[in-house]
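Those protein sequence lines, which keep their order, are chains A and B. For the first sequence, position 317 (counting from the first letter as 1) is numbered 317 according to the numbering used here, and the numbering increases by one without interruption. For the second sequence, position 194 (counting from the first letter as 1) is numbered 194 according to the numbering used here, and the numbering increases by one without interruption.
Just so you know, these hints were derived from the structure itself, not from any lab. Predicted model, so just to flag it, every value in this text is computed and none were measured. Don't take every hint at face value.
[What the hints assert, rightly or not] Heads up, incomplete: computed chain A residues facing chain B, CB under 8 angstroms, no partners named:
id, residue
1, Ala63
2, Leu92
3, His103
4, Pro181
5, Ala404
[Claimed, not checked] Simulated restraints, written as ranges between beta carbons of each label pair:
id, chain 1, residue 1, chain 2, residue 2, range
6, B, Gly35, A, Ser379, 20 to 30 angstroms
7, A, Arg4, B, Lys146, 37 to 47 angstroms
8, B, Asp317, A, Ala404, 41 to 51 angstroms
9, B, Val12, A, Ile145, 35 to 45 angstroms
10, B, Pro196, A, Ala404, 37 to 47 angstroms
11, A, Pro364, B, Ile83, 32 to 42 angstroms
12, B, Leu326, A, Lys247, 39 to 49 angstroms
13, A, Ser16, B, Glu384, 53 to 63 angstroms
All residues carry an ideal CB built from backbone N, CA and C; glycine is no exception.
Number of protein chains: 2
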Amino acid sequence: MDRRNIIDELSVKTDSKIIMLVMDGLGGIPLQPDGKTELETAHKPNLNKIAVRSSMGLFDSVAPGVTPGSGPGHLGLFGYDPIESNIGRGVLAALGVNFPLQHGDLCMRINFCTIDSEGKVTDRRAGRIPNEECVRLCKKLNEKIKTPQGLQIFLTPVKEHRASVVLRGKNFYDDIEDTDPQKTGVLPLYPAAKDPQAGADTIKILKDIITQAKKILSDEKKANMILMRGFAQYRQFPSIEKRFKLKSLALAAYPMYRGLAKLIGMDVNWDVKTLDDQLDELEKQYNNYDFFFIHIKYTDSSGEDGDFARKVSVIEDVDKVIPRILKLKPEVFIVTCDHSTPAKMSAHSWHTVPTLIYSDLCRPDGLPEYDESNCRQGSLSRYESKQILPLAMAHAMKLKKFGA
Amino acid sequence: MDRRNIIDELSVKTDSKIIMLVMDGLGGIPLQPDGKTELETAHKPNLNKIAVRSSMGLFDSVAPGVTPGSGPGHLGLFGYDPIESNIGRGVLAALGVNFPLQHGDLCMRINFCTIDSEGKVTDRRAGRIPNEECVRLCKKLNEKIKTPQGLQIFLTPVKEHRASVVLRGKNFYDDIEDTDPQKTGVLPLYPAAKDPQAGADTIKILKDIITQAKKILSDEKKANMILMRGFAQYRQFPSIEKRFKLKSLALAAYPMYRGLAKLIGMDVNWDVKTLDDQLDELEKQYNNYDFFFIHIKYTDSSGEDGDFARKVSVIEDVDKVIPRILKLKPEVFIVTCDHSTPAKMSAHSWHTVPTLIYSDLCRPDGLPEYDESNCRQGSLSRYESKQILPLAMAHAMKLKKFGA
Chain A
1 MDRRNIIDEL SVKTDSKIIM LVMDGLGGIP LQPDGKTELE TAHKPNLNKI
51 AVRSSMGLFD SVAPGVTPGS GPGHLGLFGY DPIESNIGRG VLAALGVNFP
101 LQHGDLCMRI NFCTIDSEGK VTDRRAGRIP NEECVRLCKK LNEKIKTPQG
151 LQIFLTPVKE HRASVVLRGK NFYDDIEDTD PQKTGVLPLY PAAKDPQAGA
201 DTIKILKDII TQAKKILSDE KKANMILMRG FAQYRQFPSI EKRFKLKSLA
251 LAAYPMYRGL AKLIGMDVNW DVKTLDDQLD ELEKQYNNYD FFFIHIKYTD
301 SSGEDGDFAR KVSVIEDVDK VIPRILKLKP EVFIVTCDHS TPAKMSAHSW
351 HTVPTLIYSD LCRPDGLPEY DESNCRQGSL SRYESKQILP LAMAHAMKLK
401 KFGA
Chain B
1 MDRRNIIDEL SVKTDSKIIM LVMDGLGGIP LQPDGKTELE TAHKPNLNKI
51 AVRSSMGLFD SVAPGVTPGS GPGHLGLFGY DPIESNIGRG VLAALGVNFP
101 LQHGDLCMRI NFCTIDSEGK VTDRRAGRIP NEECVRLCKK LNEKIKTPQG
151 LQIFLTPVKE HRASVVLRGK NFYDDIEDTD PQKTGVLPLY PAAKDPQAGA
201 DTIKILKDII TQAKKILSDE KKANMILMRG FAQYRQFPSI EKRFKLKSLA
251 LAAYPMYRGL AKLIGMDVNW DVKTLDDQLD ELEKQYNNYD FFFIHIKYTD
301 SSGEDGDFAR KVSVIEDVDK VIPRILKLKP EVFIVTCDHS TPAKMSAHSW
351 HTVPTLIYSD LCRPDGLPEY DESNCRQGSL SRYESKQILP LAMAHAMKLK
401 KFGA
């Protein structure tokens, strides 16, 4: 048995339920060395009530010291090795707009931008054109760009000046530098392959598409050019249902997290907007799934904004709905996050993530609160986030005994 | 991305500074089961003052239960896998005398020894001849030993009866048994290859050198023979600057640690003798480097001497200079050791090593003292020593985000 597939091999289908509440970027650090983290500051009676009966720990999202993006952050929580299953921005963008990707597709993100008469970039975001403009421009390029025999191109609007582009029909190379020069007053860069020999074919196709796009957009006032970035080929992963026998539902309000869930074959609700929507859906679909992923965005976004107080208040809001979730009596309830986003840093960080596993079968740590300093003393200790789902499955009696 | 190179790939050059204070052999155990370790016993107000604001943990130098030599002990601290990058004593000895090694050199240590008329060893250390004698004898052998076409031999005096020998010019085999019989009254051993087939060429050369040396030294009164040990081929490692973008300075008073630092391409100060020298140099060179390795030998040597009280007093002396180091305001200050050397055992041991990371960006554990029992409760938990440098780099903002 391959060590890496041990959980896959041991997993069994049962009726038990696992609910994973991911408060994105929840982990924090104090603003002052002798202060408290956001989670330590928050008033959270409901989380504390279950903390005392839970097993807790602090997990590394990827590896000690490594700050993860949202992709590896979540893939780890879903039991996938975050390094082996790393995916690029382009793939994430396509998944986020629910584009039906096929294995081998070359994905990238584009910005519509403005260039002057010499071709130099004057606005990397084309004045943040409205969404409707983006829709119109994508349609225009989809209709007019001519691809070589056997190749297809698909532009899908994302938001404002941003779109997702997918190329299909060839064995593409994807280790390619962005064409976004990251500043104005200069020409867009050429798409350059890190290994020029291996990438020659793909680069030729991309250059031709850029030339065509420039011509097609030349009558536009603002969005008269495109910048490409985040090149990445889509590889289909074995689904969470195939690997762990978990029929899974993602309840996330933001496209990227829906995309990540879809990447591993979760069913995705494409309509939920608020926490209330998410809980309504959880209740409605409770009998139809084994694993529920509930994603809270605002802990991360308030952290990224450097707004300590708002992050505290988001945690307090989430705390209020805990009883509603527990009313469903899931066999396992997990509260964790994909990575820390300390308000002090206004960014994702490498700090370990506080994790709580609440189950009738856990060995309760008897610690009084759910926060970093209590998780530090918890029995789950410090481990890798990809161990969280296997632990949850064990507590849900979804793993067979290993060996005779 | 190769899992093992993830830190290399993510590392970026910045202006921030990391100071790593290595108190060699710092970790200990109590003399009596209900007693305290050396570190727990020591009065160390300055280390305790920063402990409360640090992240702490206990790290395995190599693997649980494995007692490391100085090589793997330090290579782990420098972020190198201590098992994969293990090097032999011979290489360490050559590095310690600042010999300009080339990739592929076969290194060994020799002892000058005394043999009787039958060739039997009567003193394995030739009466610990003075250093000047060693210099003269090395010169004599360098001049008189004849090597086959294309081969070169270099003897460098180390100290008393000890010298470093380097053979150059061939693809050598190095899995060879020592010729030191480890007792007197017997003949020196032959250099024996563990795989006789693969090693035949190298063994022939070594035997010829031993025969010549015996003849050349036959007119000496004390040092009339050599014993060889620690055969090891030198492989050049990718430097710490190439791997982690850390321009690094080693401030160590002992040759072996300078050699270890040089092995991974650190700049080495070859003059510092005392802790004061080390701190003077640290202050002088502070703007010229990203990473400073300060090595304290006497915690280890007092431990090896089984002198608990002296080890405590060395720790207390080091504690006194902490404010001087912190005055430089390094972004990250680490206090740790390469392995434990409990005075109770008078030897290196496998016990985990107390580690403290002090930084404005750490998540403070709020623990009152820097010692083994507090480190055990720290958030860094128990990990591998090769994770310490990546953690330090993260806190110094020297690692990019991983994944989208």
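Okay, the hints, checked on the actual structure:
Below 8 angstroms, beta-carbon pairs count as interface contacts, and Ala63/A has one with chain B at about 6 angstroms; its hint therefore holds. Checking Leu92/A against chain B: minimum C-beta separation of about 5 angstroms stays under 8 angstroms; hint holds. Given hint, His103/A at the interface with chain B, is violated; its Cβ is 19 angstroms from that chain's nearest Cβ, farther than 8 angstroms. Annotation: Pro181/A was flagged as interfacial toward chain B, and the flag is violated, the nearest CB pair being 19 angstroms apart, outside 8 angstroms.
Because the beta carbon of Ala404/A sits about 26 angstroms from the nearest beta carbon in chain B, more than 8 angstroms, this interface hint is broken. Remark: the range hint 20 to 30 angstroms for Gly35/B to Ser379/A is upheld by a beta-carbon distance near 28 angstroms. Checked against the hint of 37 to 47 angstroms, the pair Arg4/A and Lys146/B fails, with Cβ atoms roughly 56 angstroms apart. Look at Asp317/B against Ala404/A: about 58 angstroms separates their beta carbons, and that is not inside 41 to 51 angstroms.
A C-beta distance of roughly 37 angstroms is found between Val12/B and Ile145/A, which places it inside the suggested range of 35 to 45 angstroms. The hinted window of 37 to 47 angstroms between Pro196/B and Ala404/A holds, with their beta carbons roughly 43 angstroms apart. Between Pro364/A and Ile83/B the beta carbons are some 38 angstroms apart, a value that agrees with the proposed interval 32 to 42 angstroms. At about 55 angstroms, the beta-carbon gap between Leu326/B and Lys247/A misses the expected band of 39 to 49 angstroms.
At about 35 angstroms, the beta-carbon gap between Ser16/A and Glu384/B misses the expected band of 53 to 63 angstroms.
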